[in-house]
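> Please construct the entire structure, taking both the sequences and the accompanying hints into account.
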Amino acid sequence: MSPALRRQAPLLATAGILVILFATAAFLYEGFFSGRVVVNLFSDNAVLGIVAVGMTLVIFTGGIDLSVGAVVGFVSIFTAIMIQRGYPPALVAVAALAIGGGLGAGMGALIHAFRLPAFLITLAGMFLARGGAFWISTESVGIDHPVANALSGFELGLGPVGLPTTALTVIGVLALGYVAAHHTRFGRNLLAIGGNENSAVLMGLPVGSAKVWAYTINGALAALAGLVATIYTGSGNPSTGLGLELDAIAVVVIGGTLLAGGRGHMLGTLLGLLVFGTIQTALLFDGRLSSWWIRIVVGLLLLLFILLQRGLLRGAARGK
Amino acid sequence: MSKSKSLSPVWWPLIGLAVLVAVNLALNPAFLNVTVLDGRLYGLPIDILNQGARGLVLALGMTLVIATGGVDLSVGSVMAAAGALAAVLLAEGHGLAVALTAGLGVGLLAGAANGLLVARFGIQPIVATLILMVVGRGAAQLMTNGEVVVIKNDAFAFVGNGTVFGFPFAPLLAIALFVAAQLFLRRTASGLFIEAVGDNETAARFAGLGAARVKGLVYVICGLCAGLAGLMAAANIRAADSYRMGENMELDAIFAVVVGGTALTGGRFLLLGSFIGALLLQTLTTTMYNLGVPPAVAPVPKAVLILVVCLLQSEHARRWAVSLVKGGKK
Amino acid sequence: MTAPSDGPLLSLRGVGKRFGPVTALSNVDLTVRAGEIHALLGENGAGKSTLIKVLTGVHERSEGEMFFAGQAIHPRSPKDAERAGISTVYQEVNLLPGLSVAENLLLGRQPGRAGFVNWGGVRRHAREALARLGLDIDVDAELGTLSVALQQMVAIARALDLKARLLILDEPTASLDEKEVAELFRIMRRLRSEGMAMIFVTHFLDQVYAVTDRITVLRNGTLVGEYLTQDLPRLALVSKMIGREVNDMAGRAADLPPPDDSAPAVVEARGLERRGAIQPIDLMLRRGEVTGLAGLLGSGRTETARLLFGIDRPDGGEIRVRGEAAKIQSARDAVRLGLAFCSEDRKGEGILPNLSIRENLILALQAKQGVWKTVQRSEQEALCRHYIEALRIKTPDAETPIKNLSGGNQQKVLLARWLATRPELIILDEPTRGIDIGARAEIEALIGRLRADGLAVLLISSEIEEIARNSTRVVVLRERRRTGSVEGDAITPPALMRAMAGASEGGAS
Amino acid sequence: KPLTVGFAQTGAESAWRTANTNSMKSEAEKRGINLKFADGQGKQENQIRAVRTFVTQGVDAIVLAPIVETGWEPVLREAKRAKIPVVIMDRKVQTSDESLYACFIGSDFYKEGAMAAEWIAKNAGSRSKIVELQGTPGSAAANERRKAFADELAKNPALKIIDSQSGDFRRSGGKEVMEAFLKKHGKDIEIVYAHNDDMALGAIQAIEEAGLKPGKDILIVSIDAIKEGVQAVVDGKINAVVECNPLFGPKIYDTIAKIKAGEPVERSSYNVDIVIDSTNAAALIGQRQY
Ligand SMILES: Nc1ncnc2c1ncn2[C@@H]1O[C@H](COP(=O)(O)OP(=O)(O)OP(=O)(O)O)[C@@H](O)[C@H]1O
Ligand SMILES: Nc1ncnc2c1ncn2[C@@H]1O[C@H](COP(=O)(O)OP(=O)(O)OP(=O)(O)O)[C@@H](O)[C@H]1O
Ligand SMILES: [Mg+2]
Ligand SMILES: [Mg+2]
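Residue numbers (the numbering used here), protein chains in the order written: chain A, 20 to 339; chain B, 12 to 341; chain C, 121 to 629; chain D, 525 to 814.
A hint or two may mislead.
[Unchecked claim] Only some residues are given here: those of chain D computed to face chain B with a beta carbon under 7 Å: (1) A536; (2) A539; (3) Q658; (4) P661; (5) D687; (6) S690; (7) R695; (8) S696; (9) K699; (10) E700; (11) G726; (12) G735.
Hints are computed from structural coordinates only; laboratory data are not their basis.
Just so it is clear, CB atoms sit at the ideal spot from N, CA and C, and this is done for glycine as well.
Below, the structure is given as structure tokens:
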């Protein structure tokens, strides 16, 4: 195997297993192999996908952000309340993005300037955002606004299936994320920082600004995910996104990105998202399991997936 | 004076704890009052210790896992599974010994599974333990059929509620574990081995350490701690609530460890720091009940506390603050 | 390209640097002119790397002034220094093992516009930069899969590619073999003729005399003086560096015994092989002998050592220890069998950066004894005292984190780590890498003592003279295959060189 | 061909919820209905995903137990477009268009809270100081039970809430919060109002450990009426529980059958909930199924 190909081996292995997974589900469940299911994979996982893209960038630097789920919740209820009070949706959206980005920038700045552990700082961010969300309102609030309705009703027709706003957004964000991570200096700098921050400094890379930007973008993407969640449901809910951060981290890591930083791929995140979604959809199609068996089976499927991924990679490494 | 010998990192969470207690005292002078009721010590500090005991036990195991550069997300679910199994066995009429052994056995098994995945298959700890986090909760619910199983065994309840000479048993147990662990880790080479693996695993392996074995073992210990914490939690409320027991406890445990001065990247660990960290967290929770902070915004003071302790701990932040003060005087 | 007509390109005046209570530098002057190669010399821990890091803004200086191209400079980060026109290869390879070679070469200044990366351009540019150094490496390979030497070459290629006015090379040749060194020197000479200034740190005196024009010597963080290379004889230079007289090393160690085929083998390998790493190889490592393993870069020396030590699993062949078949499946097994392996990759496979010297030092011994048989604290401290003195490790105390030591002193701690286990076979992979001339003599003397004490030593070194001076037998590897062996008095650098290059089969095998 | 029904449950967060799920499942089995069960694990996102998947699969009817009130319009519209009737169970949804779902069958959290308050107003006697153990902040049950209780108290100026904290619907939460309350207010506490039985049962332990008699020294009122809660009423440790009946199965499937047959159904109907106190607990404990 050529080195270039070997570097892509994790991705190829993940993709291969995803195909097997999907094919198995399609074989088992009638109606699974359809464009709708594929579109739903994107639209139902849009919030997770958008958050995962930002999380990938942060994890590239060897950092982590636990606040994203709470930011989604905050933005969701913030947007709903502000629109209800009559502010124009565009303005509210911009404000939400600014809040998300601002929180990210603040956390990033603290983490970098004072060498604080990202885990704790973003945990504090999570508590702040969730507290803020409940402070705005402890109840979910419906939105009835022509713009919001138009957005949530919109579908880009593609033959037999239509791509709704949510799916379009996540696909767009994934594409942008891919370009940013793999075709810009910024993205490469992030990976370098995660590889070894000291080395990155010695190599003359702009470590501080890159790190802060990673958290800023991640915060803004979490806010965007919050907007998407609001459009998806046509309502704001302060408890949206509970536990989302863990799902996002799992998606990123399943995609082969190293949590310690320095190694990873945005396409892996896409694959991780699809694996996650496929497992859940397959279980919904099945519909026979009890609450607890669903958990157990999800866990075991994840385990199987990871062991297969490992096995394939080891095989590839041995037979080079 | 050697300025480089800076304050031990244990001091910062301790200062945080002192501040928190001071705030409480200012608002409620009776905060630290302890009385004797029915031959038991009774008062808020006792509650803090009693309710914090589980967190302490979890933090102990988590410290070792984090010291090797790993993390264990499954502890909350393992707690639930251990508590559930013990409760179900008791409900079926088995004795105390069976229930305790089974609960700890669940922890052991879970730890071994995590250790196997991390140390043997080289799977990233966060994913490896995430699997058990999901499966463990499911298994707990499966055991109890999704219901709350009530425990009527008084001997078992002692684990969570008993007193020894008036002093609550659970925190005594936790403290004893900490002391034993500290002695074992620092008197034998085990502490060094764990730190070596966390600091540079490859180098540790090259020096002849069974790095995989060390890593596997810390997960087993962490699993055992989680199992014990599960038993304590079930005993404390005399019931196993498979859905809610141990929920979010993994985050709390990690929080306690990191606030206590052990870096998530592994290497040097501070058992005493984790102890204080866990205590700090429980004090904060109780403080919030005590001050009547509305539940919806209760996370906010938590955030503030984290920030304060973090900033105190950071040498960079302290230096910056000093320069600000000096700059201000000019 | 010319520097401003007069005045030096770089001048440092009264530079000092303290780390807490440790004074690493005090009142150091350094003057470097355009178009010269300036050697910066001194013992391990003299402050060379620290001076360089102050100059490039990694460390903030505690006092003093720095002028570059006539202007006072205050670099706050390596980025500032790069912008000003100073390009640096730091002592430890500071690249990113997870990224490709091409990326490592061009990180931060990839071709492309508006912040986007043109990957085709990156590869092309990287290939050219490597070709200029005469290297043929797949630019898509992950850097971490390369040997330390190749990584070092990549780091040099990166620095050269910056087109700076001052190039700083901190021990770039420590892990290179003759061929690479020659290539590097050729390039350095060319750059000099183009008017570039260079600071060159090395512990190889031959290299100092081969390329440098001027020498600045540091000792204990203070300036000893600046000299013209041609005016300073070797012995004088050595005594200036270490502050005492030392005999220059030349020729084979006087007391080297002839190879003794009757000495019992500590370790014997038969047909040991690993696909993609080494062809089946036989080795006999006898008591009281130093077996040299000679070969060019990538010839498979390190891989052989890793196989012997159980780091990698062999695909075939067997290892016998003290005559009995041994199953060595991990370093742990090897250590327990009385083997020791001092790796060439100090940073990755050697030190535990945040732990103390004491903990680093006793680690292997403790691992050998197991958890339960704890090395008592007093014993630990005695070991530290012993080795700190015996190997002249420069440190305030044994509780200092090892990452605060200079590179050479870290190396000494690692040697001590292995000696403390009282091994029967010690494998030394580049043991003198980055070690100053005084300490080198000590280490070579130590190798002699170990041999005399009846240990088996497997010595891997890219320095042919070092192998020639110390080995009773030499096994030569070429292209991952044992191609011959040289014994006893036949071991001379020219003979080894011929065998390594494949010009003729040196001796019987 | 058997009827296929998709059921999007909120999760398995409590014994109450499990009883509810079991009722749906066993009844489906009895009637030969093919039930597709989806566990939302406490997240609206998951429930929406489940409903959409049901639509994709083309089930005959969907039962939704919404975890929050708003945010269902888009997905309900999808179901309507696919002509799949949706029965909303347990709590209401807010929509601008009533026709998006077929009908609502549920329990009335607000009414439960109000009933608890009424019982206290009637039976508290000279007691007046109440501590409240709230459910999980943001959850519908907690929101409604808190609001209703407060609204009702407003009519009774004698009664007042002296402290209120979230015990997260957990037994351990109830105990922990109650411990803190007891230290803080001491003998001032006269009445405990818990948003569910689990917290009340936890609080009872705390009260006993403080050397007081639950049900006597302190009045305890809670909601749900799980078996253990009713038993506590029988034992005199809880003074009253407001029932919140989870056994929806039969009524739901009857309704679906009617819809499928084109018969008219009631737009919204509630399970009749009762207050269980010392007067009727002993009689009712025998027939508790959950
Ligand atoms: N970060 C640090 N903290 C404390 N002391 C340090 C630090 N960095 C270097 N030192 C000390 O400064 C002194 C000079 O170290 P330096 O690395 O400059 O030596 P060197 O001349 O480059 O040696 P070598 O030839 O071994 O590389 C050493 O005694 C070292 O212990
Ligand atoms: N020219 C080369 N191109 C690509 N990879 C190489 C080259 N030379 C060596 N390598 C890689 O470097 C690694 C190290 O090789 P090895 O350790 O066997 O060399 P060595 O003889 O010990 O040399 P040294 O210790 O001087 O680096 C090998 O895994 C090999 O794949
Ligand atoms: Mg140096
Ligand atoms: Mg080598």
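> If you test the structure against every hint from before, which numbers come out violated?
Of the numbered hints, all hold.
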